[in-house]
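Visitor: Sequences and hints are given; from them, build the entire structure.
As they're listed, the protein sequences go chains A and B.
The letter at position 13 of the first sequence is residue 13 when you use the working numbering, and the numbering goes up by one with no holes.
The letter at position 21 of the second sequence is residue 21 when you use the working numbering, and the numbering goes up by one with no holes.
Among these hints, one or two may not hold up.
Any copy, or any two copies together, can satisfy a pair, since identical chains are not distinguished.
Subject to a maximum C-alpha distance of 20 angstroms in a straight line, what follows is the list of computed SDA-like cross-link-like pairs (lysine to any residue) [unchecked claim]:
(1) Lys-197 x Asp-103
(2) Lys-197 x Leu-170
(3) Lys-27 x Thr-198
(4) Lys-197 x Ala-12
(5) Lys-197 x Leu-171
(6) Lys-197 x Arg-215
(7) Lys-197 x Leu-168
(8) Lys-134 x Asp-188
(9) Lys-197 x Gln-104
(10) Lys-197 x Asp-166
(11) Lys-197 x Gly-28
(12) Lys-134 x Gly-89
(13) Lys-197 x Phe-173
(14) Lys-217 x Glu-26
These aren't lab readings, by the way, just hints derived from the structure by calculation.
Bear in mind the structure is a predicted one, so any value in this text is a computation, not a measurement.
Number of protein chains: 2
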Amino acid sequence: MRVSVVENILGANEQIAAANRELFSEKGVFAVNVMAGPGAGKTSLIERTIEAVREQVRIAVIDGDLASTIDADRIARLGIPAVQINTGGACHLDANMVRSALDQLPLGETDLLFLENVGNLVCPTGFALGANLKMMISSTAEGDDKPYKYPGMFSAVDVLVLNKVDLLPLLDFDVGYFRRGVEALNPDLAFFAVSCKTGEGIYAWTEWLLAERARRK
Amino acid sequence: MRVSVVENILGANEQIAAANRELFSEKGVFAVNVMAGPGAGKTSLIERTIEAVREQVRIAVIDGDLASTIDADRIARLGIPAVQINTGGACHLDANMVRSALDQLPLGETDLLFLENVGNLVCPTGFALGANLKMMISSTAEGDDKPYKYPGMFSAVDVLVLNKVDLLPLLDFDVGYFRRGVEALNPDLAFFAVSCKTGEGIYAWTEWLLAERARRK
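Guide: What follows is the structure, given as C-alpha cells:
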C-alpha cells in the first residue's frame, strides 16, 4: 500500500514533466535543471552564464528555495525574467512547481531556461522537471570525496561544473581523486572547472552549453 | 489517506527515537546529532573535537552517508569506535538506522556519541534520532545567505558552528548579515566560529560542549 502511494506520486510527476518537456519543445526553449548542494554556486554560475551569452540567446530563470527571494532578485537585477518558487518545506523542485512558474515567464521569447533547484545533493534527482539537460555544480570547498558519498547525483547528470577553483591553493582537494570518482560513476559526463569569482573557465562552459543547445533541440 | 501514511512513519520514528534517548540516559551517553550541507566539515569538526577532548571523555561516532565508508574510516584511524551507516538512497538518518548501529558500539564505555547525519540542509530536521543535542555546521564557503534560504534547519538546532573561517579573507561573506539571519530565526542559539584546518576557535567550542554535556545529562 505504501509503495503504491509513492508510485502514484512519482507517476504524476513524470506525466507533468513530460508535458513541460513538450511545451519547451513547442516554444523552442532549451531548459536546464541546475542541481548542487547549498552554496556551491548555482546562482553565481547562472549570473556568469547570463553575462557571457545574453547577446546570443534570450534567457529566463526559475529559482527554487525553501524560503526567500534572494536568488530571483539577483537574476532580476540583471534585467532577466525570473520567477522564485518557495517550496516551503520541500527539499527539491518538482514538475508541477515548475509548470506553475512557467505561466509567469515569456516562454515564446525564451531560448534558454535555467531551473535552479533547491540546494540538495540527494532529493532533486528523484523528480524530473522536463528539462533538456541535467547539470550539477560541485564546489571545491565541499571536498574531493563527494562523488563517493553522493553517487546518485553524479550518475544522474549530463554535465558537471566544478566551481570555486580559485580556492584550490588553500584546500586539500585532490582533483585526480575527485575525477576518478566521477568517471567511475559516469564516464560520459562533460566536465568543466570554473571560478565564478574570477571568471576562469566560464568561456569553455558557455561555448559547450550553446553547442549542446544547438545539437539537442 | 496519504497524510495518515506519513503520520504513521513519523510516529514510528518518534517512538524509536524516544527509545534511543532512554538508552542514552541509562548508559550515561550524551548524543549529538550533527547536521550540515555536503562538505561543510562534519567529520573534520568531529576529528578536531576528538583530539581536543579524548583525554576527558570516551567518544564514539556513527557516520551516515548514502554510500562509502570514508567518514567512519577517518574516525577509526584515530582509534575511536565508529560505525558507518549507508542509507542507500535516503537523504537523512532516522532513529531506526541509529538503533541498529548502536548494537555495534560499546555504549557502556561511551560518554559522548556523535551521530553524523547525511549532508543535507533540509531533510534531517524532520527525523528525530533521540539525541541530547542538535547541532549544525555552516561553511563560510556556502555563502552568508543560508539562514534566509534554509530557515528550518537554523531554527531546529541548539548550536551552530560556522566552519572554514580561514577562508573568510577570500570570500564575499558578510558575518553580520549571516548572524542577523540566524538570530531572527533562533535567538537563543549558541554560536561558534572555527577553522578545522587551522584549529582556530576549536577550544571555545569543545569547552562549551563539555559544559553542556555536564549540564544536560
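Visitor: At most 20 angstroms between alpha carbons: which applies to Lys-27 and Thr-198, within, between, both or neither?
Guide: neither (34 angstroms within a copy, 53 angstroms between copies)
Visitor: Since the copies are identical, ignore which copy is meant and state whether Lys-197 and Asp-166 lie within 20 angstroms (CA to CA) inside a copy, between copies, both or neither.
Guide: both (8 angstroms within a copy, 18 angstroms between copies)
Visitor: At 20 angstroms max between alpha carbons, let me know whether Lys-134 reaches Asp-188 within a copy, between copies, both or neither.
Guide: Within one copy, since 13 angstroms is at most 20 angstroms while 40 angstroms is not.
Visitor: How would you label the pair Lys-197, Gly-28 (within, between, both, or neither) given a Cα cut-off of 20 angstroms?
Guide: Close neither inside one copy (31 angstroms) nor across copies (49 angstroms); limit 20 angstroms.
Visitor: With identical chains, the pair Lys-197 and Arg-215 could be close in the same copy or across copies; at 20 angstroms between alpha carbons, which is it: within, between, both, or neither?
Guide: Answer is neither; intra-copy 29 angstroms and inter-copy 45 angstroms both fail.
Visitor: State whether the alpha carbon distance between Lys-197 and Leu-170 is at most 20 angstroms within one copy, between copies, both, or neither.
Guide: both (15 angstroms within a copy, 10 angstroms between copies)
Visitor: When no copy is named, should Lys-197 and Leu-168 be tagged within, between, both, or neither for a Cα gap of at most 20 angstroms?
Guide: Intra 13 angstroms, inter 14 angstroms, cutoff 20 angstroms: intra and inter.
Visitor: Checking an output row: Lys-197 and Asp-103, CA cutoff 20 angstroms. Within, between, both or neither?
Guide: neither (33 angstroms within a copy, 48 angstroms between copies)
Visitor: Classify it for me, Lys-197 with Ala-12: is the Cα-Cα distance of at most 20 angstroms met within a copy, between copies, both or neither?
Guide: For Lys-197 and Ala-12, neither the intra-copy (40 angstroms) nor the inter-copy (46 angstroms) Cα distance is at most 20 angstroms.
Visitor: Between Lys-134 and Gly-89, at a C-alpha cutoff of 20 angstroms, which is it: within one copy, between copies, both, or neither?
Guide: between (23 angstroms within a copy, 19 angstroms between copies)
Visitor: How would you label the pair Lys-217, Glu-26 (within, between, both, or neither) given a Cα cut-off of 20 angstroms?
Guide: within (10 angstroms within a copy, 63 angstroms between copies)
Visitor: Quick one: Lys-197 to Phe-173, C-alpha cut-off 20 angstroms, is that within a copy, between copies, both, or neither?
Guide: Close inside one copy (18 angstroms) and across copies (13 angstroms); limit 20 angstroms.
Checked against the numbered hints above, the structure violates hints 1, 3, 4, 6, 9 and 11; every other hint is satisfied.
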